[in-house]
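> Spelled out, the chains give:
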Amino acid sequence: MQRLVEFFQTAPVDPQQAGQMLWLIILLPLIGAFISGVFGKVLGRANTHLVAVGAVFGSFLLSLLVFWTINDYRAMAMTPFGGVNYAVGADYGTWFSAGSFKVTFGLFADHLSGSMLLVITGVGFLIHLYSTEYMSHDDGYWRFFAYLNLFVAAMLTLVLGDSLPLLFVGWEGVGMCSYLLIGFWYTDPAKAFAGRKAFITNRIGDFGFLVGSFLMVLALEAAVKLPADVSSKLGRPGLEGTSVLARLNDGMKQKGVLSVPVLEEGSKVFASLLDEKIPQGPLEGMTFGRVLMFALLLFLLGAAGKSAQIPLYVWLPDAMAGPTPVSALIHAATMVTSGIYLFCRISWLAVLSPEAMATIALIGASTALVAALIAFSQKGLKKVLAYSTVSQLGLMFLGIGAGAFWAAFLHVVTHAFFKACLFLGAGSVMHGNGDEEDITKLGNLRKEMPTTWATFLVATLAITGIFPLSGFFSKDAILHAAHTNSIPAIGWALKTAWILGVVTAGCTAFYMMRMYFVAFEYPRSPEAKTPHAHESSWHMTLPLVVLAVLSVVALVHGLPIMKPEGRTTIQTLMENFLDPVFRTTQDNLAKRQFVVIPPEEHVPWGAYLQAWLIALTGGGTAFFLYMRYFPSKKGQPLPGALELARKASWNKFWVDEGYTIAIIRPITLAARVLWRVVDSILIDGVAVRGTAWVTARTGAVLRYLQTGDAQAYAAIMAVGLAGALVWILQRYAL
Amino acid sequence: MTSIYETRVLNAVIFAPLFFAALVMFLPKNEKGQIRGVTLAGMLVNLATCVWAWTRFMPRSVDEFQLEYRLRWIDELGISYHIGVDGLAMTLVLLTGVLGPLVVLASWTFVDERVKEFHLALLVLQTAMLGAICSLDVLLFYVFFEAMLIPMYLLIGVWGSEERQMAATKFFLYTLVGSLLLLVALLAVYFLAAPAGQRSFDYATLYNGLMSLNREVAQCTAAGNCSAASAGAAALFRWGPLMFLAFSFAFAIKVPMFPVHTWLPDAHVQAPVAGSMILAGVMLKMGTFGFWRFAVPLFPVAARQYQVPISLLAVIGIVYGALMCLAQKDIKKLIAYSSVSHLGYCMLGMFAFTGEGATGSAYQMLNHGVSTGALFLLFGFLYERRHARLMADYGGIAKVMPVFTAFFLIVTFSSIAVPGTNGFVGEFLVLLGTFKSSLPVAFGVFAATGVVLGAAYMLWMVQKVFFGTVTHQENLGLKDLGLREVLAAVPLILLIAVMGLRPQPFLDLLNPSTDRYLARAQYASGKAEAASEDERVRVTVIQLPPKLVVAQAAPAELPTPRFLPVGRVVPAAAAALNPQTP
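Quick note, the sequences are listed as chains A and B, same order.
Residues in the first sequence are numbered consecutively from 23, following my numbering.
Residues in the second sequence are numbered consecutively from -14, following my numbering.
If you're looking for bench data, these hints aren't it; they were derived computationally from the structure.
Hints may contain errors.
[Claimed, not checked] Computed Cβ-Cβ distance ranges for the label pairs, DEER-style:
{"no.": "1", "chain 1": "B", "residue 1": "Leu468", "chain 2": "A", "residue 2": "Arg687", "range": "56 to 64 Å"}
{"no.": "2", "chain 1": "A", "residue 1": "Ala718", "chain 2": "B", "residue 2": "Leu468", "range": "48 to 56 Å"}
{"no.": "3", "chain 1": "A", "residue 1": "Val708", "chain 2": "B", "residue 2": "Gln528", "range": "49 to 57 Å"}
{"no.": "4", "chain 1": "A", "residue 1": "Leu46", "chain 2": "B", "residue 2": "Pro13", "range": "34 to 42 Å"}
{"no.": "5", "chain 1": "B", "residue 1": "Pro425", "chain 2": "A", "residue 2": "Ala684", "range": "24 to 32 Å"}
{"no.": "6", "chain 1": "B", "residue 1": "Ser146", "chain 2": "A", "residue 2": "Tyr735", "range": "52 to 60 Å"}
{"no.": "7", "chain 1": "A", "residue 1": "Ser122", "chain 2": "B", "residue 2": "Gly182", "range": "43 to 51 Å"}
[Said to hold, decoys possible] Looking from chain A toward chain B, a few residues come up when the C-beta cut is under 10 Å (computed):
{"no.": "8", "residue": "Trp117"}
{"no.": "9", "residue": "Ser122"}
{"no.": "10", "residue": "Phe123"}
{"no.": "11", "residue": "Tyr201"}
{"no.": "12", "residue": "Lys213"}
{"no.": "13", "residue": "Leu237"}
{"no.": "14", "residue": "Val677"}
{"no.": "15", "residue": "Asp678"}
{"no.": "16", "residue": "Glu679"}
{"no.": "17", "residue": "Gly680"}
{"no.": "18", "residue": "Ala693"}
{"no.": "19", "residue": "Val700"}
[Said to hold, decoys possible] Once the Cα atoms are required to be at most 20 Å apart in a straight line, the calculated EDC-like pairs of lysine to aspartate or glutamate come out as:
{"no.": "20", "chain 1": "A", "residue 1": "Lys124", "chain 2": "A", "residue 2": "Asp272"}
{"no.": "21", "chain 1": "A", "residue 1": "Lys275", "chain 2": "B", "residue 2": "Asp465"}
{"no.": "22", "chain 1": "A", "residue 1": "Lys469", "chain 2": "B", "residue 2": "Asp465"}
{"no.": "23", "chain 1": "A", "residue 1": "Lys63", "chain 2": "B", "residue 2": "Asp465"}
{"no.": "24", "chain 1": "A", "residue 1": "Lys469", "chain 2": "A", "residue 2": "Glu549"}
{"no.": "25", "chain 1": "A", "residue 1": "Lys517", "chain 2": "A", "residue 2": "Glu377"}
Quick caveat: nothing in here was measured; it's all calculated off a predicted structure.
Cβ coordinates follow ideal geometry from the N, Cα and C atoms, glycine included.
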């Protein structure tokens, strides 16, 4: 055992070299995208499959290598502030620099981004494989694989980039691919519209991301210019206050202000500066804490766009218009988790603002509940899964807000497995049932599609949180953290969020089991498009099986089996694994105590039992209602209150309609009015044509002075002379 | 040492198109293929000269203006034929050079009437634009600046759409109003900058001449009392803001800034594809270039005074232009209004007076030339097939013309500044520069909403035109792009990628210009020590070449004293205005 552990903790290649080849991981799918997109039609279907799937598989192998390497303690990424253990990185030179701003092409893989690498390329590979069968009847296969490969490249850029601008390249890149893939079947206007809605909603978030980044630039540049009397407070053991700032300044010049190492170092500086006022510059008079809070809230807006949180979640359910593998890869496993990834990345900043943490927790918890409630009544297989994704993402944000970054990330990983499995299962169901996705028009799938059924059941139980599947551990870790941790400044926030989270967990069990019962256990619906479903081929079932196995196996990460040396506390495997990533976060937490995290000394059996009971209650209620109660009352209308609730849930609480009335219509109306009134009438009409008119009229009047009539000229001349004479006489003679 | 090629290469850049225009003149009218071929060859040669000049240009050199060439022209008035480029001008020269051949390719089949005249206009226009960018003599600049109007007027008025006459006239008059104000202000600067006898329209003379006056005005304005200023400074204090506004007005029309933008939609809608491409690609940049080269450096005090109002107009332009786009039905009009929005970013970045903002602004000029040029080019292909401009006339084009759609989508992403395309770098830098500037933070925030609105209108248009099912029978038979069309589009697509992924070579060209621009904009604001600041901002150019023997002999035959109009117009005032005058 010890030998085995040692084997896996020894880098197979020189860590330095592993860092240097990080760019290849991104390049492979990029080349795949180029070949599929430009030559795919000429190459034919099989060759395109080979290129696209091969590219992602190659990336996966490289990611494995990198992941292995970063388990070695000797793996070290160099930053201007010293080396970072358990990480590799490389800097490939300047991307752009102007003024005092600079961005480099710097890539960086630590335990956080390393795990993401595996999820993206691993799940990505499975989904590519699955798609070769799923898209086997579509003429646009080359386009599809080009977009899908491009997406993988963008997502990899997002997690590997070691600066916010580079992360943003991936961030917008995945949004662009998502736009292209949601609207993949563009001949359907509704699908094209869904793509556009996704992009624009994401753009609102990106606006927040950009402005947040700019605020960080301002804050950091203000910090390094602080006068000596303030900077003396920043001293650390072995480092004078002024030299802390000088080091930060050097780092900014070397790596760029928005690079992750600089921001991390900056967070250490900010931790001592939160109540300090900014003495000069555009943010003069604001405290650093306030600026940080605004920046974090703007980042939250960005994350809400990408990760479908209130108020920007509305695009994700519509995004199901895209092909199902897309929903599995982009809208469940990877892209939508980038908001959580972002906050894990900048966790050291997040913990410096209790207001931001509380907001994150509350936004997450409320999104989780609202989405779960909407999922209650939806009929589309993919619609339910979409709302469940929104809901689960909400739980992850709750974890972030509660300061349990590792738990949120654990849920990202387990959710990637079981939700991808569910979506692919749904795809398999649709593929075998003539593209039917209304659960009430399916039924009896347990018998008809055994493999799909088995994997779907495992994944459903995982998301429901049934012991001992992976979802149980990850979800419990979040809820447990929300329960035990606290934000002293805003005490009620986490309490409320925890209650919302627990209710959500129950709801999740309910709607997931409802869907499962209706689609798989009910007798075959007479409205089904095909009398019998056919099971899919191995291209599709293999990924299902692998993902189902993974959604069980991933539970290992959630086991509280690690005992760090010299401490009495216990940690889960994931917490221990991510420890190097969150070291600065812990320092900042210890320094400011904005979030109090009590140490865990025993295995929380009570919490486990509670979580298990909640899941059982939710699932049991669904069983009772859908297997016993409703079948016995077939044909009778629902009771009034229940019907009202169903209607509200079915219509998604009319949020889309509300946005249309409150935002979209006013803007389009304003645009039309401005165009008709200001542009056409005021500027072009009154000002421009008015000038022309006045000129023309003046000319028309003055024209009479030039009639060419000699007599008139003579008359005017005579009058003028007479006048002049009179004037002269008056002036001088009299 | 500079070789003879280096001193002459800019002449080749400017006059290569004119030379080929002369060739075209000799071609028979009906040989359309030959005319097109020769024009294309001319544009390609011109591009080669531009690239040649670029390889000779040294971004790291201490010299601001390089590849200079200077000839005596009208000595009596201090006008010389003086050309040279700095980093910004170099990039604009490249942009113009790249667009040249593409414009010819784009109109290969589109223009079939008066082919000879059309291509003559294109070539002459190319010379005028390059001349305006390269001029270091302000009067020479003015001549080229005005000379651009005529071929463009013809392009719109002769080869345009239904209402071409109206649009051409509107374009011409609008721009002329600005130009005349510019001329008046130019003359005022001419008289103010140097004492009688030393007056010159050379950029160096004008700028260096105003330096000490500007410093005096800045100091007395800061002190709050300008009554004791010297005569020149008093004049500059009194008239400087007005002169700055005259410059600004002229250039703002060209940019165009809100609210003097209304000529642009009409001109773009009516112009043929070549006209739209050149208009968007290069001519609008003359406005921003004018601000950069003349309005701000010559009047730094006034520019700082008017920083907030002008930036405000720029922000309004960004949001307003985007909102206008949302209300359009006509695709060309939409692209035209998107130009108003994008050029708003250029102006905002320039008036942020920060390194990021100014470089971003300069880069955004290039980006806009590439992206919007490509949009007009691509839409031109569609227009040539269908002769319809409304979105409602299309729909489902993606199915019929997949290659075209792919190109259009890439350009769209560049236009809405998706990272990885050129647009992102410029927009990011401009916004960052705005946030870092002394402008209120709200300016940056409102400007950033353009990010959302830009995506909204562009993708809306893309959906209307390309997605959905084909609703019009005529659209079913549309052919996808041919080889010539692909060749015309690919260079711009490549530029979009290259400028997005490797912007640094371009930024290295721009950054030294930015530094000087900023130093001049901040001149005498008290942030730098006076003597070293003067050293940094002073314009150094090559001297006039010695008079030729013939030229020296000539004055002897003239009656002396020579009749100098300048001496007569303002004999006393000029002497009083210039403290240096003994």
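> Evaluate each hint against the coordinates.
Evaluated hints:
In this structure the hint that leucine 468/B and arginine 687/A lie 56 to 64 Å apart at CB is violated, the actual value being about 46 Å. One distance hint, 48 to 56 Å for the beta-carbon pair alanine 718/A and leucine 468/B, holds here, with the actual separation near 50 Å. In this structure, valine 708/A and glutamine 528/B meet the distance hint of 49 to 57 Å, their C-beta atoms being roughly 52 Å apart. The given range of 34 to 42 Å is broken by leucine 46/A and proline 13/B, whose C-beta atoms sit roughly 59 Å from each other.
Between proline 425/B and alanine 684/A the Cβ separation comes to about 27 Å, which falls inside the hinted range of 24 to 32 Å. Our hint of 52 to 60 Å for serine 146/B and tyrosine 735/A is violated, since their Cβ atoms are close to 46 Å apart. Between serine 122/A and glycine 182/B the beta carbons are some 45 Å apart, a value that agrees with the proposed interval 43 to 51 Å. With 10 Å as the threshold, the beta carbon of tryptophan 117/A comes within range of chain B, its nearest partner Cβ sitting at about 7 Å, so the hint holds.
A cut of 10 Å between beta carbons decides the hint on serine 122/A: the least distance to chain B is about 6 Å, and the hint holds. Checking phenylalanine 123/A against chain B: minimum C-beta separation of about 5 Å stays under 10 Å; hint holds. Interface hint at tyrosine 201/A: satisfied, since its Cβ lies 8 Å from the closest Cβ of chain B, which is below the 10 Å cut-off. Because the beta carbon of lysine 213/A sits about 8 Å from the nearest beta carbon in chain B, less than 10 Å, this interface hint is met.
For leucine 237/A, the suggested interface contact is upheld, since its CB lies about 8 Å from the closest CB of chain B, less than 10 Å. The interface hint given for valine 677/A is violated, since its Cβ lies 19 Å from the closest Cβ of chain B, which is over the 10 Å cut-off. Interface hint at aspartate 678/A: violated, since its Cβ lies 16 Å from the closest Cβ of chain B, which is beyond the 10 Å cut-off. With its C-beta approaching chain B no nearer than about 19 Å, glutamate 679/A sits outside the 10 Å limit, and its interface hint is violated.
Here the hint on glycine 680/A is broken, as its CB sits about 18 Å from the closest CB of chain B, past 10 Å. Evaluation of the alanine 693/A hint against chain B yields a held restraint, the C-beta minimum of about 4 Å falling below 10 Å. A distance limit of 10 Å between C-beta atoms decides the matter here; for valine 700/A the minimum to chain B is near 8 Å, and the interface restraint holds. Distance restraint check for lysine 124/A and aspartate 272/A: the Cα-Cα separation of roughly 12 Å lies within the 20 Å cut-off, and the hinted pair is therefore satisfied.
With a CA separation close to 49 Å, the supplied pair lysine 275/A and aspartate 465/B exceeds the 20 Å bound. Between the alpha carbons of lysine 469/A and aspartate 465/B the distance comes to roughly 49 Å, so the proposed pair goes past 20 Å and is violated. The hinted pair formed by lysine 63/A and aspartate 465/B meets the criterion: a straight-line CA distance of about 15 Å does not exceed 20 Å. Restraint check: the Cα-Cα separation between lysine 469/A and glutamate 549/A comes to about 18 Å, which is no more than 20 Å; the hinted pair holds.
Restraint check for lysine 517/A and glutamate 377/A: satisfied, since their Cα atoms lie roughly 15 Å apart, inside the 20 Å limit.
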